[in-house]
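Model the full assembly from the supplied sequences, consistent with the hints where possible.
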Amino acid sequence: MEAFLFFIKGLDLSPLIISLKTGIVATIICFFLGLYLAAKVVKKDSGMRAFLDGLLTLPMVIPPTAVGFFLLLIFSRRRPVGKLLFNVFDISVVQTWAGCVIAAMIIAFPLMYRNARAAFEQVDSELIYAARTLGISEKKIFWKIIVPNAAPGIRSGTILTFARAIGEYGATSMLAGNIAGKTGTISQKIAMVIQDGDYMAAGFWSIVVLLIAFVIIVGVNMTGTKAKRKW
Amino acid sequence: MGLEVDIKKKIGSFELSVSFTCDNVVTAILGESGCGKSMTLKCIAGIETPDEGKIVLNGRVLYDSSKKINLSPQKRNIGYMFQDYALFPNMTVKENIEIAQDGRPIDIDYLEKFNIAEISNLYPSQLSGGQKQRTAMARMLAANPEVILLDEPFAALDSHMRWKLEQEVKRIIEKEKKPTVFVSHNRDEVYRISEYAGVMSAGILKNVMRTKQLFDNPPTAEAAIISGCKNVARAVKTDEYKVNVADWGIELDTLVPVPFDEGYIGVRAHSFSLTDSESVKNNSIYVLNPEIVEEPFEWTISFQASDGYERLQWKVSKEVLRNPQEEIPGILYINAEKLMLFNE
Chain W
1 MEAFLFFIKG LDLSPLIISL KTGIVATIIC FFLGLYLAAK VVKKDSGMRA
51 FLDGLLTLPM VIPPTAVGFF LLLIFSRRRP VGKLLFNVFD ISVVQTWAGC
101 VIAAMIIAFP LMYRNARAAF EQVDSELIYA ARTLGISEKK IFWKIIVPNA
151 APGIRSGTIL TFARAIGEYG ATSMLAGNIA GKTGTISQKI AMVIQDGDYM
201 AAGFWSIVVL LIAFVIIVGV NMTGTKAKRK W
Chain U
1 MGLEVDIKKK IGSFELSVSF TCDNVVTAIL GESGCGKSMT LKCIAGIETP
51 DEGKIVLNGR VLYDSSKKIN LSPQKRNIGY MFQDYALFPN MTVKENIEIA
101 QDGRPIDIDY LEKFNIAEIS NLYPSQLSGG QKQRTAMARM LAANPEVILL
151 DEPFAALDSH MRWKLEQEVK RIIEKEKKPT VFVSHNRDEV YRISEYAGVM
201 SAGILKNVMR TKQLFDNPPT AEAAIISGCK NVARAVKTDE YKVNVADWGI
251 ELDTLVPVPF DEGYIGVRAH SFSLTDSESV KNNSIYVLNP EIVEEPFEWT
301 ISFQASDGYE RLQWKVSKEV LRNPQEEIPG ILYINAEKLM LFNE
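Line by line, the protein sequences are chains W and U.
Each residue of the first sequence is one higher than the one before, starting from 1 at the first, in my numbering.
Each residue of the second sequence is one higher than the one before, starting from 1 at the first, in my numbering.
None of these hints come from the bench; they were simulated from the model.
Glycine included, every Cβ here is placed at the ideal spot set by N, Cα and C.
All the given hints hold, so there is nothing to weed out.
Far from chain U, by Cβ distances over 12 Å, these chain W residues were calculated:
1) M1
2) F7
3) I8
4) V25
5) G47
6) A50
7) R78
8) K83
9) V88
10) S92
11) L210
When the alpha-carbon atoms are kept at most 30 Å apart in a straight line, the in silico BS3-like pairs for lysine-lysine are as follows:
12) K8(U) to K44(W)
13) K54(U) to K68(U)
14) K10(U) to K40(W)
15) K75(U) to K170(U)
Below you can see the structure in the form of C-alpha cells.
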C-alpha cells in the first residue's frame, strides 16, 4: 500500500494526455477521410473497387512494425517527402508527436473506412435515386440522407478507430519513438516499465487503458439509437 | 409537347427498346415483372443511362446520345414514385416534403390537401401503407415536376387498400394535368387508370394506343396474352374466312378475311357463349374432359375442343351457370366477331 501511494505521488500523467490527444486527433482525421474515401469507393465499378479496397485495408493486415518501417522511409528527413515537409512547412514527423498521430491514423484508418463502406452499402439505393429525382444536390444527399441512414455503422467504426488509435504501439514506436512527455504514449510506457520490471506501473497503466476503452464504448452505445432488445 | 421517349439499352443479353410519346394524359406500360418497365422509368428519370436514343420533355432535351446530352436526374425535373415509396427513414413526413422543396417550410394547407397534416411529425416507420403513399405523392409533387412516373404504385398494398388508394392517386393525377407514365403488371389497374397503354415484353415497347383499343383489339398475340387473353394459339389460313388451329384440333370461321398465311388466334375466356344466335356467324366447338375451378363469382372451366389436344379456358358467371357439375354443356359457341387474329 505504501509503495502504491509512493507510486501515485511520483506519477507522471503525460502518457495519458499524449495517448488521448493522439487518439482524438487521429480519429477526427480518420472519420472524415474514411467517410470520403468510402463514399468514393462505393461508387466505383467492381474491378477498381476491389483494388482500392485492398489498398485501403492493407494497414490492418500487415504487421504494425512493417507499417512503421514504411512510414519511416517516407517521412525520414533524408528522403524527398520528409525533406519537403521540413524545408517548406517546417514539419518533422520522425520522433515527434505528429509521428504519433500519423502512425495511429494509418493503423486505425481501415477500421473507419471498412465500417463506413459497409454502412454506405446498406443504405437503400432507391433512397438516393428518389433524392436525385427530387432535385436534391449530391452533397446534401450525402450528409442529410446517406450519412444519417448509415449512422450505426459509422458510429461503431468511429469507436473502433479511436480504440485502436489510443492503443497503437508498433508503428508508433518505429516512427515517433518513446520520448517521455513528447511521444511517450500509454502503450509505449507499459512496454517500457515491464522491461524495467515495474509491474505496479504496468498494472496501473493497463487498467487506465481498459477503463478509457470501456467508458467510451458504453458511452457511445448509450447515446446511439435506442436499439430494441434482440433475441 | 409532353414526353417523347425513344431509347435502346443493352444489359447483358437483355435488350431494352422503348419508343412512345405521352401528352398530358396517363400512359400505362403493362408487362410482366422483369420485362424492363422499371428500367424504362429509370432511364427517363436519369437514374440509368440508355446506350442510345433520345428523351425530350416539353421541348427540352434530357438525353440525346447523338449530341452527347445527358442531364443529371436533379436537372430533369421529373417526379418519380417508387414502388416502396423510398421515404427518407431519418426524416418526419414534414421533413421529407421540405427537403424536396429546398428546405422551404410547407404550409398546413398543402399537408391537408394530401390528408397528412395530422401525421406530419411521424417517421415513415410509423406510417401505414396508405399514409406512406400519400406522403410520397405529396413529396414528389412538392418538387413541382413536369412529368410524373409511377412505378407499380399499388403493388405493395393489400388488396382492400389498393382500390381506395388507386382512386386517390387517380384523382390527384387528373387534377395535376401532367404527363404521367404508369407502370404495372396488373391489367385491371391499367384499364381503370390509363387513357393510353402499351404492352412491354422482353424489353420491347411499341404500339402505345388507347387503353380501350388495346384491350378490345390487341395488336399482337403477345399483347393479347398480357392484356388477359387466356386462349392464344398458332393458326394457319385454310380459306379466305377460315383458319385451322392445330393446337386445339379445330377449324374456325372468321368474320373478316384472314390477314395471314400463318399467324395466331386469340379467344378471350369470356368470349364463349352457351347459346347459338341466328344473327351472327357462330363457331360451335365441343366441350370435352372439362375441369372446373370455382372462383368467388365465376367458374373457370378448362376443356378440350378435340380429344387429346391443348386445353382452352372458359370463364362463366355463376349467375349464368349455377351448377356446372350437372349442367355443363357439350357444345359452346364463339361469335366469329370475337376471334382475334394476329400476324405476330
